[in-house]
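Chemist: These are the residues of each chain, in order.
Number of protein chains: 4
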Amino acid sequence: MNNVTRIAAIAVLAAVAGSAIAADCKSKFGPDDQIGNSNYITPEKTLAASKLITKGKAYRLGIETNRGTPAYPPRNYSVTVLQPGQVAGTTLGPTKLSYNDDIVMGWNGVGSQLDGFGHIGWDNVYFNCQKAADFAKVTGLTKFGIETVPAIATRGIVLDMAGLMNANPIKEGTAFNKADIEAAMKRQGVKSIEKGDVVLFYTGWIDLIGKDDKRYNSGEPGLGKEGAQYLASLGVAAVGADSWGLEVVPFEKDVGVFEVHQILIQQNGIYILENMNTEELVKDKVSEFFFTLGPSRLTGAVQAVINPIAIK
Amino acid sequence: MNNVTRIAAIAVLAAVAGSAIAADCKSKFGPDDQIGNSNYITPEKTLAASKLITKGKAYRLGIETNRGTPAYPPRNYSVTVLQPGQVAGTTLGPTKLSYNDDIVMGWNGVGSQLDGFGHIGWDNVYFNCQKAADFAKVTGLTKFGIETVPAIATRGIVLDMAGLMNANPIKEGTAFNKADIEAAMKRQGVKSIEKGDVVLFYTGWIDLIGKDDKRYNSGEPGLGKEGAQYLASLGVAAVGADSWGLEVVPFEKDVGVFEVHQILIQQNGIYILENMNTEELVKDKVSEFFFTLGPSRLTGAVQAVINPIAIK
Amino acid sequence: MNNVTRIAAIAVLAAVAGSAIAADCKSKFGPDDQIGNSNYITPEKTLAASKLITKGKAYRLGIETNRGTPAYPPRNYSVTVLQPGQVAGTTLGPTKLSYNDDIVMGWNGVGSQLDGFGHIGWDNVYFNCQKAADFAKVTGLTKFGIETVPAIATRGIVLDMAGLMNANPIKEGTAFNKADIEAAMKRQGVKSIEKGDVVLFYTGWIDLIGKDDKRYNSGEPGLGKEGAQYLASLGVAAVGADSWGLEVVPFEKDVGVFEVHQILIQQNGIYILENMNTEELVKDKVSEFFFTLGPSRLTGAVQAVINPIAIK
Amino acid sequence: MNNVTRIAAIAVLAAVAGSAIAADCKSKFGPDDQIGNSNYITPEKTLAASKLITKGKAYRLGIETNRGTPAYPPRNYSVTVLQPGQVAGTTLGPTKLSYNDDIVMGWNGVGSQLDGFGHIGWDNVYFNCQKAADFAKVTGLTKFGIETVPAIATRGIVLDMAGLMNANPIKEGTAFNKADIEAAMKRQGVKSIEKGDVVLFYTGWIDLIGKDDKRYNSGEPGLGKEGAQYLASLGVAAVGADSWGLEVVPFEKDVGVFEVHQILIQQNGIYILENMNTEELVKDKVSEFFFTLGPSRLTGAVQAVINPIAIK
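Chains as they are written, first to last, in the working numbering: chain F, 1 to 312; chain V, 1001 to 1312; chain B, 2001 to 2312; chain S, 3001 to 3312.
So that you can see chain F by itself, here it is in the shape it has in the complex (with noise of 0.2 Å):
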């Protein structure tokens, strides 16, 4: 074989590799779908996942993003506050109108997120064997825009992985696999992991967060790629944690980069929820509840800043 030969043969198997990861990244629910694993939370879902509230305490489950919040490079953040026409004090009416209005710049991945299905591909495919050059538009996508997640309201689960290794903040590189989550369910008495549930891990890494923040934004303890399909093989709709990305970094040995948010985004139609603070949820002792999150629906958006309420 010569060597156009042999470069076209390789191009031809790479086209062919291409196709199977094309296979992976259909949805179980057709080719319109834009929602993934959130099909699964169901009127029924809800309502059971309702009855999980016996106490009716709520937690915000969302950190303060703003000009300090450590962030993946060159995002950052930033509110402005003004008084429009009012300059020299002036007010406004009879009744002395004053008022505060604010500017928004940055980036929507700053502080606690959604991503999108929009958000991670593989190869220029994303999710539901989408085309990024078809939906990526500069002016925001026009398929899996924030504005297309559903009203989710389901069972939450937190997993207190600190307790379970007896570190806090468990160390960056951790990972954890479908045998470190069992063990935390099993600790908790946690029965089964169900379609439509949303799973948040609690790892203490989040506590590092204005104390050292480099430290923070250069690993994290959290989510290998094993675990990753464990929990996408139980139909979970979304994933999180409190650390900036969900997944073990440094990445696992032959895991690719940021592979495990190619599994649960871009193969399997689980939203990623990050910097998603549980810390008050584990004090509680609280390993199920009802989980509610409605991010902005800013159309076109590929991430939310979202701060999810959790209802014990």
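Read the hints as simulated data drawn from the structure, not as lab findings.
Be aware that one or more of the hints could be misleading.
[Unchecked claim] Listed below are the simulated SDA-like cross-link pairs for lysine to any residue, each with C-alpha atoms no more than 20 Å apart in a straight line:
| # | chain 1 | residue 1 | chain 2 | residue 2 |
| --- | --- | --- | --- | --- |
| 1 | B | 2283 | S | 3150 |
| 2 | B | 2211 | B | 2067 |
| 3 | V | 1057 | F | 48 |
| 4 | F | 131 | V | 1092 |
Go by the hints and put chains V, B and S onto chain F.
Modeler: Just chains V, B and S now, kept in the frame of chain F:
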């Protein structure tokens, strides 16, 4: 009385008037309170409200926010999608990672919004008698920033004013006052509005978006002054509507510029929720429901783009 | 030849074609060159051009840039004015300092612009055969950023195409090629166009701004492919016009998408200047003048909003 | 005199003092004037200044502006580069067009700046006695916006204060007043400073950027109050320095907060130029030169990022 003395006397009278307003602005919940009537959303309140979930159907109340959303000038909002580090189709690593990221530029007050207590004041004095100069910093409010909004999980009530008034949309300038609110409650069988409730008006006004943005923005039916005082007397935590500003515009006779905003926010510590899409709730003949809201916790932000989840 | 071999052969041919283009992109000024024909603007050139100042009249060639400026979608630009730290009319210090500050949000490519050499490429290869993946970083170009543009002080020539063609504005789609350029020169008594000159076309097209923005944006008279090659052969440092894109739109038959941009910028290292307002120069019957330009040195910027000063 | 009367009397005195200041703010060039001493830059002035070009060497006086540029908090600036419509390496048309575009977010007051007359006021009264409430609109100044700055082409003078004071950089807090200015002129053989001139101080302070940003930002040598009054008496059009704020910081004893800014801008209609890099001019022993400046004409902008061109 000579001129100098007369001017001084007027200044004193003004100061007295100012004190009267100051007295009104005090929080019932103490000098350090930043959340006003949301203090009424106790675990007991949340637990009771959760019993309203009988079908498990979840509704998104947020509309989409984008370049085309009509907004109070000069507010606007844009999302821009880009592919950092992927020039010329470059992918990352052995699993060919591709990703989209997004930049936001604009104003928080676009689309579905929560008005925090730092939004509206009376002569530069805000809720709980806080002076703007003390907390309205250019880099963010140091009190009343959106990060202070608690986890909201409480009873929601939608009042179908369009059905009551047999007009859809209701004409701009139509005020909803005590009698109207009570008539709507009676018509729907809502027995009472209670402390910590969230009350939303359905007017049909929101359907003008995209059809007649100019009319949409230049007026609206909505809450009148007496109606605001009535709801405040009942201790509601938040009031909203399917319109850009909740309150009736043009303003009622002898009512100040956005005085309903002042009554709710500055004098009573009640959040205002704007552009709340309750159409599907009304179609489903839902009057009472479980209302959850976790606004993105942008530190120091005046307002938030929101998407509350209503569950029946 | 089987399919695999044929595909491979095509790939090889494409690579060869790529090499040909690559050869065209090489700078005459060496592998490290980032400023192209501006190398011709030597002190001797500047000194000679300064002798064109005979009256001392200075002209602004920049138009205004703001929220209303028609621009290539989705580009826009806004300035927002605020008064940091001066809530409620507060002033600073014994001399009661007040101040305004301003925020910018938008895209550099709005209004009067300089297109740097990082703006336009050919199959992701840019001027001096630089590959986009090597220098087009998300945080700014690492080559060809606007900060690299030298101090430009040289001879400027305005060619009154509207006068020549007796049409104002000249109709969109009208191409200026070698014969037109020479006719304009002859009509105005311009003896030659030389190395390091800046050539500006006057078409009257810019007068449509604010009158018919839609027409303004959807086409333009301008430089044709042969005209671009002609000017490049003369060694000009920059070419501009009183239109949004300099080159004729719709493109000439058999000419690529913005191929004139490619010829000037990518193959010849010639800056493009857009929305250059030369009306007053033409009214004053000025053909040659001293041209100075110092674009704001935003590191890594692709383009610059500019306002060159022409002096007669 | 009782308290009320005493307070009233003080208010009256303050009003009188205010009137005195108001008188100072009037422009010599009439009630409609927006450009102050730049009125002195007549064609005769420009023509005469152009004779200073004897070598043809052109200098950029602007420094770079980017994410790392030290700036007055909370000012910052960012450029973000993206490739619209080119996802997955897509090119446009038969000639495979590729292009980069760029987004800006930030504040105009970063890096090399021109302070317009809308930047600095005295108790909310600005140059030519314009009241902020009348022209400082949130969408841009309606007077004194940067679009009003005329084409500036005049005589530039650089005074080597570092050489005079034998210190590089000169220590923060060192004031330049009349005697210092005259000593520098004498040392360099500058016979006079005249109407319409631009005067720049060289202090070496700018070399701290990137080396000691904290020190750079927390003080500076610079123009004192008497020195500002002296330059104003000579009718200069603009004054600048190689420092972030031109004027000496800490302020001189009994001098108000940025009072030198007030004297130059508010009382005398003199532009201030900041972060002007004159090091190369000083190295080349240039004292007088042709100065040209065309700031980007952002409508209603308070300040401009600039890059004047000096030519010897």
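Chemist: Would you mind marking each hint as holding or not holding in the structure?
Modeler: Hint check results:
1. Simply put, residue 2283 of chain B and residue 3150 of chain S have alpha-carbon atoms about 19 Å apart, close enough for the 20 Å limit, and the pair holds.
2. Of the pairs offered as hints, the one joining residue 2211 of chain B and residue 2067 of chain B holds, with about 15 Å between alpha carbons and a cut-off of 20 Å not exceeded.
3. Straight-line distance between C-alpha atoms of residue 1057 of chain V and residue 48 of chain F comes to about 11 Å, which keeps the hinted pair within the 20 Å bound.
4. The straight-line distance between the Cα atoms of residue 131 of chain F and residue 1092 of chain V is roughly 17 Å, inside the 20 Å bound, and the hint therefore holds.
Going down the numbered hints, you'll see the structure goes against none, and every one checks out.
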